[in-house]
Each structure stands twice: as C-alpha cells, then as structure tokens.
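Fit chain H with the ligands to the known structure of chain L by using the hints.
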Amino acid sequence: MLCQKCMQNDATIHMTQVVNHVKEEYHLCRACASALQNGEMGSKSPWGDLFEPVLPGPSLFGYPFSRPDRRAAPKRVVCPQCGESERELRDTGLLGCSQCYETFLDLLIPVFRRAQGHTQHIQVPDDSASWIAITESASKEEENKPTSEIEQLRSELRTAVEREDYKEAARLRDAIHELERESST
Amino acid sequence: MTWYLQEGPENDVVISTRIRLARNLKDVSFPWRLSPVELESVRDRVTSAFRDVVRDMGSERPVIVELNTLGDIESCALAEKRIISRAMLKDTRGKSLLLYPGESDGILVNEEDHLRLYSVGAGLCLFKTAGCVIKCAADMEKRLSFAKSDRLGYLTACPTNTGTGMRASAMLHVPGLIRAGVIKRLADRLTKAGYALRGAEGEGSDAYGDMIQLSNQVTLGVSEEQILTDLDRFVHDVAEEERKARRALYENDPPALEDEIGRAKGKLLFSRLMTTEEAMRLLSLVRLGKELELPEMPSYSTLQELFIGIGEGVLQQAAGKPLDPRNRDEERARRIREALRSSM
Ligand SMILES: [Zn+2]
Ligand SMILES: [Zn+2]
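For the protein sequence lines, the chains are L and H, in the order given.
Heads up, the first sequence is in the working numbering, so the first residue is 1 and it goes up one at a time.
Heads up, the second sequence is in the working numbering, so the first residue is 186 and it goes up one at a time.
Derived from the structure by calculation, the hints contain no laboratory data.
C-beta atoms are modelled at their ideal positions from N, C-alpha and C, and glycine is treated no differently.
Some hints could be false.
To be verified - Derived pair list, reagent style SDA-like, types lysine to any residue, alpha-carbon separation capped at 25 Å:
1) H:Lys377 / L:His14
2) H:Lys369 / L:Glu156
3) H:Lys429 / L:Ile150
4) H:Lys429 / L:Thr159
5) H:Lys377 / L:Tyr26
6) H:Lys475 / L:Arg154
To be verified - Label-pair distances were calculated between CB atoms; the ranges are:
7) L:Gln8 / H:Asp229: 35 to 43 Å
8) H:Lys369 / L:Glu168: 20 to 28 Å
9) L:Gln8 / H:Asp438: 45 to 53 Å
10) H:Pro439 / L:Arg154: 19 to 27 Å
11) L:Arg154 / H:Pro507: 49 to 57 Å
To be verified - Computed far set for chain L versus chain H, every beta-carbon distance over 12 Å:
12) Ala11
13) Thr12
14) His14
15) His27
16) Arg76
17) Arg87
18) Leu89
19) Glu164
20) Ile176
21) His177
22) Glu180
23) Glu182
Chain L extracted, bound-state conformation (with noise of 0.2 Å):
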C-alpha cells in the first residue's frame, strides 16, 4: 500500500480516527508521519500522534484509496470554465472555481459528508443586518461578564449541578456566601 500523502513510499504506519462520528484511516509512510506531527504539514501539534481531525490536501478525496463504488463521477470530467480536471482535484484536494462546485459535485458530498458532517449550507438572512446585530447583543453580553473570583464560584456552582456533584455544589455554595457577606460587609 503507498504512503496517502506522498504516494511513492509503502505506507508503513496506520491510523484510525473518529471524526464526526465516521472512522477515517490513514496510510502513512515513516517520513510522512513524522512530518504530519512535527507539523510540516499543518500546525504544530506538541502530542504527536494528535492529527489535525481532517486533513487537507489528496487524503482529502481518499486518493489513491477511494472506495470504487463511491466513484461516482465519470473518469476524465474537466470543468468547462477553469479546465481542473478530477486527478488534479485528488491530487491537491482544492477546487479551481466555484463552476467545480457543479462539475465535481458527486464527488464533493462523500468529502462534505466526512469532513464536515454535513451537504448542506444553513440559510441565513441574507442581510448581515440581522447578523450583526445578534453579535452586538452576544457580544455586550460578553463584555458585562465579570470575572471576579464569585463569577467563578458561581459558574463553577452551575456545572457541580449539571454533573450531580452535590457535595461539591454544598461547598461552592458556601464559598459564595461567605464571599457575599465579605462584601457586604
């Protein structure tokens, strides 16, 4: 089997991962591997064997690897307005223009459904207008969070809660009066 990334050396080291709840494996050789995780290939990720959960590029489109029937688009499709054709979209994992959109479709959903989860864009109002002013109020919200030491206690409170860690709850609790009679004091 070849190395996913290089695609000239024997893959020598393979990895599975759960992205998005679909397993992804990857088929890498010695040189690559190590490039991958002294991060050559992406970020820097100082817990070695800790792999950017998608990677860009050929693995992208499961080149050399991808599953015969997924193939769904026809061999030597070129896209009519910028010329990419299909090797060179498994070769370097990006599309030329938004026409490859169209023309590689079938091939693109397998890759959305892996990398992404999803096929489809959520509509949102086409006016930013209303998007704008969603951040505004998130984002006043923001700015009035406190982080004063009984900010802390409290939004630590919330979570014993959540997790039914009522002993710790009782203790954060206490902390939090004593903090108030502090202060009204």
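Just chain H with the ligands now, with coordinates in the frame of chain L:
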C-alpha cells in the same frame, strides 16, 4: 489599540480570540489556478474596494502591504504576530495584506482564497470579534460579488471551508492541563464534536508557551451563530478545567510551585542572554503566577506583549536592524527585563 495591549474577558485562561472568513470573487478562478497577472488583477480589485470601504468609515489612510515587497525581518514579524502564515511567504506573488485602522482587523488577499478577512480580540470575545469581521465582509460584499450558491453557501478553494467560510478560534494558556497530562483526552472529546484542539505554533519546541488553540472544523450545515455558541461553550468548559487543574497543582505543594515561579521571574529579571524557547517557558510560568494571583506579578498585557515581542522578527524590527543570534538573545533579555521592571 492592538489586541495584545488589552485585557479581555476570561483573560486568566483565554489569551485571544480570532475569527476569519474565507470569500472568493465570483467568476474568477481560485488563487492557485491563476497566473501572476490574474492574481494582480484580483489584488487590485480587492484593494480598490477596500480603499472605498475605509474611506466611507471616515478613517485615515489604510495600511496596504504587498507581501512581495517585504524584507525577511518584516515578514517574519508578521508571522510571529500570527497575521500571516509562514506558508504564505513561500510564494508572495500577488499577495497582499490590507489592515483596517486599529490593527486588529484585516484582509489577506490571494492566500488560499481571494479574501481571508480576519479579526482578533483580547480574551474570550467570539461574538464581538465575529461581529467585526462579518461587518467587514458585508461592507466588501456591497462592492464585490462573492462566489456562493444556495445549496453550499460561500464557495472556497478547499472544501473544508465551504459554507460559512468561518474559522473561529481561541488561544488558551493551559499550564495546569498540560502538567496534568489530560490534553489528549480533551482533544479527542473535541474532535468527536467537530472541533479541534492543537498546540500553538512555535519553532520546533513542544507545547510552545503552554498554549493551545481551540477552533471549529465544520463550516457547512451549521450557522455562524451555532459555531460560535458551541465553541464558546467548549472554551468555557476547558477554561474551567484549567482553573481546577491549576488550583490542584498549587494546593498540592504551594511552596514548590511558588519557588518555581519565583525562580522563573528572577531569571527573566536578571538574565543577560535569553533564547526564545527559554523565554517562552519562563514567561508561561510567570503568567501562571499572575493567574494564581500570586503577589508582584506583571500585568496580562505586559506578558502578552512579551509573548509576541520576543520572536526574532519582531525583535529585529523593533531594533531597526538585523541582529545575529547572540545579539538577538541579548536584546531579548534586555527587552524582557525592562518590560517586567516597568510593569511590577
Ligand atoms: Zn509518504
Ligand atoms: Zn473550475
């Protein structure tokens, strides 16, 4: 004022918040398919729209930086400030950086997508930061037609950005969680939910400055509001666990941790030569001291400024000349000493 001189919500754990939106011009191929001449034409269209937007804001002249005109030191400094990625410097043709007044918002032109709009804020402020960048994008969209479809939303070069084109992230300082050895477990939990946890980018050193970054991975089929709400919740959860881990670490042996932090502060205050790696490790410890509310610790904004200001690019830029490695270590030690002395 630039973000790192400010103190934001949840500043005891969350250093900064960053949101970026990917957008592409309609009817033009994505940057990697374009010739240098076509890239320049995209750059000029975007730049001209940007000038109009900034003029309508009634602002002073915007800052426009063409990346291929930058020297090594300036580009390195921009990378250290996390404004551009080092990968972007490999090929700078037709790429530029448009900065809104205030230095916290900007647009990268002709990176993987035609436009990458971003905004950075201090502490945890996902909604406020998103508000800024969405407004910037909306202003640009009044002047430029963006590629989008009803079914898939905004169309981007990489299918991992399609839909909202939004990547929201928060940078956290988590010395407690790292020492407790629970990062991997946290990362697995977030990954399953479609969010990512990774180490902050450094130069070869592990767990650079004890910082991690949390971000969304899913951009399609979820609304911007949902992405931000979920990420906000995750960040609060992780921050809460970090606070507990810190307190446990401290309570386990207060004099030992106070000693470790005190020695770190001593070294920072009195050293004459300091590498980036050593400085990051020591500054992280001192920040932990501040977070634990130990006495006589520098302010968060001083620490943030130093986290950014000790990289070789920013350091040489501030010195106004290239420095060899030894001179850099000397200059770094001097800057740290002065900043800490004036802040305590
Ligand atoms: Zn390989
Ligand atoms: Zn195309």
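Numbers of unmet hints, in rising order: 18
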